[in-house]
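Chain residues, written in single-letter form:
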Amino acid sequence: MTVREPRDIGDAELVARCRRGEPAAWAELVDRFERYVYAIAVRGYRLSAEQAEEVFQEVFARVYEHLGTLRDDGAIRPFIGALTRRLAVDQLRAGARLKRLGDEYSTEHDSAEAFEAVERALDVQEALAGLTGECREVLDRFFVRDESYATIARALEIAPGTVASRISRCLSKLAKELEGRNLGPGPSGERTR
Amino acid sequence: MMKAALEALSVGELLDAFGRQPGGPGGGSAAAVVVALGAALVEMAARASGEHWDQAGGTVAQAVALRDRALALASRDAEAYDAAVAALSGGGDELLGDALARAAAVPLQIAHLGVDVAQVAQLTAEHGGADLAADCIVAGRLACAGTRGAAALVRINLGTTAADPRLEQAAELDARAAAFERALGELEG
Numbered sequence: 021m022t023v024r025e026p027r028d029i030g031d032a033e034l035v036a037r038c039r040r041g042e043p044a045a046w047a048e049l050v051d052r053f054e055r056y057v058y059a060i061a062v063r064g065y066r067l068s069a070e071q072a073e074e075v076f077q078e079v080f081a082r083v084y085e086h087l088g089t090l091r092d093d094g095a096i097r098p099f100i101g102a103l104t105r106r107l108a109v110d111q112l113r114a115g116a117r118l119k120r121l122g123d124e125y126s127t128e129h130d131s132a133e134a135f136e137a138v139e140r141a142l143d144v145q146e147a148l149a150g151l152t153g154e155c156r157e158v159l160d161r162f163f164v165r166d167e168s169y170a171t172i173a174r175a176l177e178i179a180p181g182t183v184a185s186r187i188s189r190c191l192s193k194l195a196k197e198l199e200g201r202n203l204g205p206g207p208s209g210e211r212t213r
Numbered sequence: 004m005m006k007a008a009l010e011a012l013s014v015g016e017l018l019d020a021f022g023r024q025p026g027g028p029g030g031g032s033a034a035a036v037v038v039a040l041g042a043a044l045v046e047m048a049a050r051a052s053g054e055h056w057d058q059a060g061g062t063v064a065q066a067v068a069l070r071d072r073a074l075a076l077a078s079r080d081a082e083a084y085d086a087a088v089a090a091l092s093g094g095g096d097e098l099l100g101d102a103l104a105r106a107a108a109v110p111l112q113i114a115h116l117g118v119d120v121a122q123v124a125q126l127t128a129e130h131g132g133a134d135l136a137a138d139c140i141v142a143g144r145l146a147c148a149g150t151r152g153a154a155a156l157v158r159i160n161l162g163t164t165a166a167d168p169r170l171e172q173a174a175e176l177d178a179r180a181a182a183f184e185r186a187l188g189e190l191e192g
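Residue numbers (the working numbering), protein chains in the order written: chain B, 21 to 213; chain V, 4 to 192.
Isolated chain B, as found in the complex:
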């Protein structure tokens, strides 16, 4: 039996391998979710680079600590997402304590934008959970990991010429999930509300 490379396996198996202490699996887990964590911290909560780095370090330290107590290995993404949001809020609170009253307006303004972005990110995350694993994976590989069609085709064992169509179909499903919530962006990134 061939042992698959960590980059070619699903989240649940990856977590299981991390728990068994495979260094390559842990490296892949960090690589797989690094951009996700930074996206929430920087785009969602508008944290500075330094704050985002602190969140990043703390998130993966805690993930490592909790590897043995996760209830669902396949749900590592929502676990990391929730953890990142909690730690990002902690960072904002810590930063807010240092702000002067004169910053109140801009803080309020920035917060509104930040929370709108977070709201959208959470909607997308919830909507993704409503898709098949196949759809989640192809969207993750293309939009989060920036993989080429050829790489995706090899990993999913499908014809390279069908990858773009599959992504489009999955985005349509994602858009329908989001429309069901009456909040989200269409596949082109335009808000439907």
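Source of the hints: derived by calculation from the structure; they are not laboratory data.
Treat the hints with caution; some may be incorrect.
[Claimed, not checked] Covered, in the sense of this in silico footprint (three residues per stretch, anywhere, with C-beta under 8 Å from a C-beta of chain V), are these stretches of chain B:
id : stretch
1  : 165-172
2  : 184-196
[What the hints assert, rightly or not] Here are a few chain V residues that sit away from chain B, every Cβ distance over 10 Å (derived from the structure):
id : residue
3  : E10
4  : E16
5  : A33
6  : E54
7  : G61
8  : Q65
9  : D167
10 : E171
11 : L190
[Said to hold, decoys possible] Some chain V residues near chain B, calculated using beta-carbon distances under 10 Å:
id : residue
12 : H55
13 : D57
14 : A59
15 : T62
16 : H115
17 : L126
18 : L176
19 : R179
Glycine included, each C-beta is placed from N, C-alpha and C at the ideal position.
Chain V: place on chain B using the hints.
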């Protein structure tokens, strides 16, 4: 001028950045910009095809992602090439060889992106609005040109390291771009 801000320049400023003096952005960045142009044309054609193509929205999203990646690589290629030039002035042939080998990584990514843009261009030419097929064919041909130019850079930069597997990848991407060019030629009718 900061090369990292290539994506913020007007067309005129961009051409000035390429043309005015050596040491500015070079062939790799130009290949990336051409790929980005192709992606932008696909984006436009897909946006205008929404009424009669159910995958138009998804294609727009992919084209936007590919365009952004290509533009980011345009700046990164200039930085990688600068590092190679610095090695040329500061070290021996071995150091230069290493720097050029590292500089080949970015053109290889550009070549990959070009093939992907050609793929969505062909898809949009086949399924999008008939009046937009010509734009998609131009988009695909631009993307193929970007891939083939970037693949040439990979070959040139890795000239002294014949065993590097990236040479084979570059040749494969070049061949795929040539295949897309033939397919796009057939769509021209």
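Hint-by-hint comparison with the structure:
no.: 1; hint: 165-172; in the structure: holds (count 4)
no.: 2; hint: 184-196; in the structure: holds (count 9)
no.: 3; hint: E10; in the structure: 16 Å, holds
no.: 4; hint: E16; in the structure: 26 Å, holds
no.: 5; hint: A33; in the structure: 21 Å, holds
no.: 6; hint: E54; in the structure: 14 Å, holds
no.: 7; hint: G61; in the structure: 3 Å, violated
no.: 8; hint: Q65; in the structure: 6 Å, violated
no.: 9; hint: D167; in the structure: 19 Å, holds
no.: 10; hint: E171; in the structure: 13 Å, holds
no.: 11; hint: L190; in the structure: 15 Å, holds
no.: 12; hint: H55; in the structure: 14 Å, violated
no.: 13; hint: D57; in the structure: 7 Å, holds
no.: 14; hint: A59; in the structure: 8 Å, holds
no.: 15; hint: T62; in the structure: 6 Å, holds
no.: 16; hint: H115; in the structure: 4 Å, holds
no.: 17; hint: L126; in the structure: 6 Å, holds
no.: 18; hint: L176; in the structure: 9 Å, holds
no.: 19; hint: R179; in the structure: 8 Å, holds
Checked against the numbered hints given earlier, this structure breaks hints 7, 8 and 12; the rest are met.
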